[in-house]
Structures are given as structure tokens and as C-alpha cells.
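There are 2 protein chains.
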Amino acid sequence: MLFTDMDKDQLMTLKSELDAKFEECKSKALSLNMSRGKPAPDQVAVSFPVLDEIGAKSDLCAEDGTDCTNYGGLDGIPEARKLFADILDTDPEHVMVMGNSSLNIMFDQVARGFTHGYFGNKPWHNYVKVKFLCPVPGYDRHFLVTQHFGIEMVNIPMTSDGPDMDIVEQLVSSDETVKGLWCVPKYSNPTGITFSENTVKRLAALKPAAPDFRIFYDNAYCMHDLYDDAPVLPDILKLCEAAGNPDMVFEFASTSKITFPGAGIAAIAASEGNLKEIKNHLKIQTIGHDKLNQLRHARYFKNADGVREHMKKHADYIRPKFEVVLEGLEAELAGTGVGNWTRPLGGYFISFETLPGCAGRVYEICKEAGVVLTGAGATYPYGKDPQDSNLRIAPTYPSVDELKQATYVFALAVKLATVEKLLK
Amino acid sequence: MLFTDMDKDQLMTLKSELDAKFEECKSKALSLNMSRGKPAPDQVAVSFPVLDEIGAKSDLCAEDGTDCTNYGGLDGIPEARKLFADILDTDPEHVMVMGNSSLNIMFDQVARGFTHGYFGNKPWHNYVKVKFLCPVPGYDRHFLVTQHFGIEMVNIPMTSDGPDMDIVEQLVSSDETVKGLWCVPKYSNPTGITFSENTVKRLAALKPAAPDFRIFYDNAYCMHDLYDDAPVLPDILKLCEAAGNPDMVFEFASTSKITFPGAGIAAIAASEGNLKEIKNHLKIQTIGHDKLNQLRHARYFKNADGVREHMKKHADYIRPKFEVVLEGLEAELAGTGVGNWTRPLGGYFISFETLPGCAGRVYEICKEAGVVLTGAGATYPYGKDPQDSNLRIAPTYPSVDELKQATYVFALAVKLATVEKLLK
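These protein sequences, in sequence, are chains A and B. Under the working numbering, residues 1 to 424 are what the first sequence spells out, in order. Under the working numbering, residues 1 to 424 are what the second sequence spells out, in order.
Take these hints with a grain of salt, some might be off.
A short list of chain A residues far from chain B (calculated; beta carbon distances all over 10 Å) [unchecked claim]:
no., residue
1, Q10
2, K21
3, E63
4, A205
5, Y408
With a straight-line cut-off of 27 Å between C-alpha atoms, the simulated DSSO-like cross-links for lysine-lysine are [said to hold, decoys possible]:
no., chain 1, residue 1, chain 2, residue 2
6, B, K283, A, K283
7, A, K129, B, K129
8, A, K312, B, K57
9, B, K201, B, K131
10, A, K283, B, K367
11, B, K26, B, K15
12, A, K283, B, K131
13, B, K122, A, K131
14, A, K279, B, K131
15, A, K122, A, K276
16, A, K122, B, K129
17, A, K122, B, K131
18, B, K26, B, K421
19, B, K283, A, K129
20, A, K384, B, K283
21, A, K302, A, K279
22, A, K238, A, K279
23, A, K384, A, K131
24, B, K238, B, K302
25, B, K279, A, K131
26, A, K15, A, K367
27, B, K279, A, K384
28, A, K131, B, K283
29, B, K421, B, K367
30, A, K367, B, K283
31, A, K283, B, K384
32, A, K283, B, K129
33, B, K122, A, K129
34, B, K122, A, K122
35, B, K283, A, K279
36, B, K279, A, K283
37, A, K279, B, K384
38, B, K302, A, K57
39, A, K57, B, K312
40, A, K201, A, K276
Since the hints were made in silico from the structure, they are not lab data. Please read these numbers as outputs of a predicted model, since none were measured by experiment. Virtual Cβ for every residue (Gly too), placed ideally from N, Cα, C.
Excised from the complex, chain A in its bound form:
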């Protein structure tokens, strides 16, 4: 029965039952965590052989002869560029491979817009206000970078096909202060949806009012499929070029959730013009990135197929975790009308929508029962979810057994928060 169809007596009775179950939960003194978008230790261990790929006795030169043990080179070694080009379905000439963090590359790109501007356009620090479009719910780290530089964030609703493109097109084409749009095109953080082909085409065909408008296309989960029939994204660089917008997109990727979170390699894919400008900044910023780690990774994987095989091992760890959470939500919440949730085919998150005004309370109840969730609001700019309804579930770090318990607590918390709300 839908909770919203219950009368007050029914809700009171239900609340007593739920309260009893909650007391039982609390008595177990659980300590569970579904907040961390990171792989579990046993999962990370599938990548340990990468560490043995190069050693003191290896040939430590890249395939073009570059000595990876010494200074030199800002583009990344050729085999690492090829690897990322293969992963991102583009050409090595469109790729630069850098350090250990794609977030840091994104940060630097926003910073460069702020301090110097792109392609000779006015640096953003010289504007009274510039804006970024932020599909919501979205990735808190993107929002924090944007806020750090005082950029105003504009919420854009997410649909099951990606950001609401009618709104995006209207704002991008009419407002010269709109300088950026954040995207996680595949297995979006947190909704898990993949942009439709039509959405990607409409993105590539945008007619920005600002010549320095850029799509920040964070393809963090490009290889992170849980099932064989994975969605396929068209190459946005090619589409942008075809649409007469060759310079409009920065695409980011890393091996953080392929090999070692924090000790992998990261890349940017962009037009020749953008890469040239980036390189001019990099020449000032650093003498180069860690080519030995690039070599280690490129030699281990060889190509995108090598990565795909490796990702199957990760999927074998993650798939049961997603499934136990989804089964738990289904078992506990189907037919109650207390919320909707996504059923992602990959990535690292499940997104849950409560009835308006319940998300914060669900977080609190979970916490009281020893289950840590990502803070309510974290998936929105400024940490403000206007509906107070979105929660991000990160199922990869805990064990399957822990997730089973945590999902039970989560579902109970959603029911309790909903009943409390309906009784108000």
C-alpha cells in the first residue's frame, strides 16, 4: 500500500512497527559506510600486478625512445596517449596524459579560465560574474571546484537521457557569462544514467553565446561496465568538430578506478588548439609528469581491450554489491511509494529520490543506526538540494553482507522519515 494513501491511524500503527525495528537495528551497534565512492581493498588487489610491470632491470624507454627516468616531455609518452585514445575512441593527437588525478586536470582547466582565459578571451577574474551549468544531482567535487573560483552555479535538471537539453541550449546560447557545463556522460555520478546519443549530439551542436564556453566532460566511468551489453557513447570530440565547435569540449579520464585510486594516470582529450594552449601553461607549471607510472600502465594494458578484460575482474567484485542493494530496496520499498531509485549498469553509485523534504532526515536516521551515507545535499551545488530529496548510495567499498544490512537500515530510514513527514 502506498504510504501516501494511508490515513493517520494507519501511519501511527506503521510508525510503531518501524520504531520497533529501528530500536532493534540500533541495538546491533552497526558501523557501516555507504558514502565512499571507492573500490574495496580486495577489488584494488586485482591491479597489484601493474606494480611489477617495470623494475630496475626493465627497458625504461618509451616506444619513441624517450627516457622515462629523466626529464622531458609534456604530452605524455606515446603508448599512454594511444591507450587513452583507444579508451576514449579518439586519436592520440587529441590526448595528453598527465599525472595521477583527473580532478586536478579539471581544477587546472577551470583555474586557467579564471587566471588567463581561453584563446585570448578575457580571464574570468575580470568579470563581475561568470556561470557554470551544473546538472543535478551531480558530482560534489565538480561543484566545489566551481565554487572555489567564485563561479555561480546554475542547476540543470537531469533526465534519464542526460541534462535537460532544452534548458541547456537556451542558457548557453543566450548568456555570454555561461562559461562551462559539467557532465559525467557515462554512468553519471550519482544517477548512473548514460547520456543518450541524441543528448551528446545536441551538446556537440550547442551555439554558445560565449566564445570561451567549454563542456567539462568528465568521462570518469567510460570503462566501468557491470554487464556485457554496455551503453556506448559517441565520440564527442568528433561530433563537436563536425558541428563546427572543435574547441568546445575538454574530456577527462583516468585509471583511478581501473588501477589505483590516487596512484593511476589521468588524461585530457581535446582539440589541437586546446592542447596547444594547455601545453603552453604546462611549460610554466611543471617540467613534466611521472612518465614511469605512464609506462607501467601502458605496458600492462597495451590497449583498450586489455583494460576491458581487466574491468571484468572489477565488475565481478562490484556487480553483486549493486545487486544486493537493488534487491534490498526492491524487497523493502516496492509498492510503498516512498521513493525512486536508479538501477545503473555501471559506475559507482545508485541515486535515491525520497519524497520532498525527507533526504536529510534519512541521513540522520541512518547515522543514528550506524550507517554512514554521503551527506544529503552533497549532490547539489552549494550543498543545497532544493527538494531535500536526493541521496547517493555508494555500494563498492563495503562487503556484500555489510551492504545487505546497510540497505535494510537505509530502507527502514526512508520509511520512517516518510511516515514522520506524512504525520506532520
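Following the hints, put chain B in place on chain A, whose structure we already have.
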């Protein structure tokens, strides 16, 4: 005989002799390079065992239990912080260990002054003008970072004790727009001198007009001694604290020229207040640095003594190279009065002063004979050496035999350029 004491006839005769020698040099079609401040491949190879320090079967947790294969931690792992603290003669609490490039840490620190300001002071992009003091000759990369952010650079003469402190004190205490001072305190790039204890004390005791003035103390060559009786620098952090200026210095170091140029680890040492502010930026900028590379390095060296032992191996490669250049200069140029040069006890460079107006010409002549030098002017802000007299010699990359030839060509070029100048 001093060239400057020669009459025109003597100079003409000398020129004919030098021209003949120069033609002979050119006929050898040399291809030598004394421009690169980087170790030679055989020298880098002494660090290859570092690569075998961790592998798939190693315990990959830091000594505090941090899993170095996964996300987490912005300070650097404890053993890496201890290592740099030991190297820099400070406490681990004053050290954060980051990625592969100390230049990138310096860049970020200047960038943070520009975009956000330090300790709540006005960001530098909101000033019409800010200034950095640049001891000259100095390191071109420092000057390029400064110029990149539109900061005006003020030349400060270097003495054999460090920057001319009378001028530094006067400018820092009187001008609120002076926000920074670049220093390479040990084996300075390029002069090779080490700051005297008195200079370091005067630096620590500066009374800046600007509350956000910082000394950018690039201790790049802190462990890079060629001889046993190496100069010792006092700990500037402690001196700053004692002088009531705890937050006035950022100290930088890396293992770039200890293990792998471009694939080592880098660190910043600063006050608690500075590190707290840096961490607040880092939280936005990255999820963390490469802890596996930190672990590899910390386990290999264990402590500063481990580094010292390792640096002796480097010194054994480098010492004969410095000596062959210095001997060549002595043999060819002693008593001619055509220039002065430094005789460093460590570091990567020898600095040469021609008579005014000759450096650019020496560079050209060397190039014509197949010997590449760092561009004349590179050691000055904006690439402008007002006297056109300084040249930086980098003796570490070529072999001893190559250096012998290159030094002969260099000395010949100095003599030729001087004679040409005197004949004008």
C-alpha cells in the same frame, strides 16, 4: 696578458689565431650540449633499485595503516613526511609530501596568492601591480612562473653570500606590493653559492610591509654535495618562527635529482598555518597524491642518512664533470681577464660572467661550433640580462670527454667574443 691591456694590433693578431682555432673546431662538426640541468643516464641508473622497492607482493600500507593503493590523505604518508623533515632539518608536522614536481608546488603557491590570497589578504589579481624580488642571476623557471601571473619582477644582485640583503630589506619593509622573494639557498641556480648563515638569519628577520609577503625558498639542491665538507644551512623555518615570522616562508624540495627527474616525490615545508591553508586548497584540487611513489621512496631511503649515502653515488658521477670544466676554464682563460666563473661545491651549475655585452655572442659562437648552451639572458627575469654577461654552464648531462671538448669550445668562444668586443 689581459686582453683589455692589448692594443689593436695585438688584438688583430690574436683574433687571427682564434679564428683559425674556431675553423678547426667547426670542422669537427661537434654536437655537444651544456644547457641541460639534468643527470646523465648512467647517473640516473643508480636509482633504478627504487623501482623494485615495492611490488605486487609487498605490504602496500604506510606505517600508520593508510592503504597506499586507494584514495585518502592529503598530507603525504608519515614515512615520506619524516624523510623530508629529516632532509630539511625540520619536523614532520611542518611537511606535506605531494606529487612528482616541486616546481608545480611553487606554481600552485603563486597561483593561490593570485586567485585567493593568503590568510584572508586580498588576492593579487585584485591589485594593479604586485612585485616579486628576483636575485640575479637566478633560475629561469622561477621567473617564468612569476611572469605568467603578471607579477613584476625586480632584479636583486646576488653576492657570494646570497641576495644583497641591504636591498632586500629596504624593498620588503617599504613596499606593500612586494609579495615574494625567490631563493635557491644552497648551490644556487646558477651561481652555485650557498647562502651564508647571516643571510639566512636576515631573511628570517625581515619586517615585510605586506602581511602576505612570502619567501619562496627552493631548496632544490639541499642534498647535492660534491665534497665531504659541505656547507650547512640553518633551518629557516625555525629562524622565522624565532623572529616572529612563522608564516613567512615556503620551503620546497624534491627527489627529482635524487632519484628520477620527473618521477620522484616533492614536498613543501611551512608553518602550521600555511599548511592548513594549503590543505584547504588541496581538498578542492585533488583527491590526493601518488602514495605508492611516496612509499617506494620512503622505504628505499629510510632517512636522510640513506639519502646521503645515495647522493655520494651521484657525486661520484658529477664531480669529475665539474672538475673537467673548471680545469678547462682555468687552463684556457686564467690571466686573460675575459671573465669570472664560480667553483661550486655542489648543485648542477657553473655560472660564468663575461665582460659586459659578450654573453649573447658567446652563445652564438658556441652554437656555430656545435655546442649548445642555455640561452644568454635566461638567468634573468624577462630573459633580459642588462649587462649581457651571464652564462649558465650545466655540466652533468654530457660525458667527461664531451665536456672537455665543449669547455675548450666555450673558452674559445669567450675569447673570440671578447676580442670582437674590444675591437669595436
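Where does the structure disagree with the numbered hints, that is, which hint numbers, in rising order?
Hints that this structure does not satisfy do not exist here, as all of them hold.
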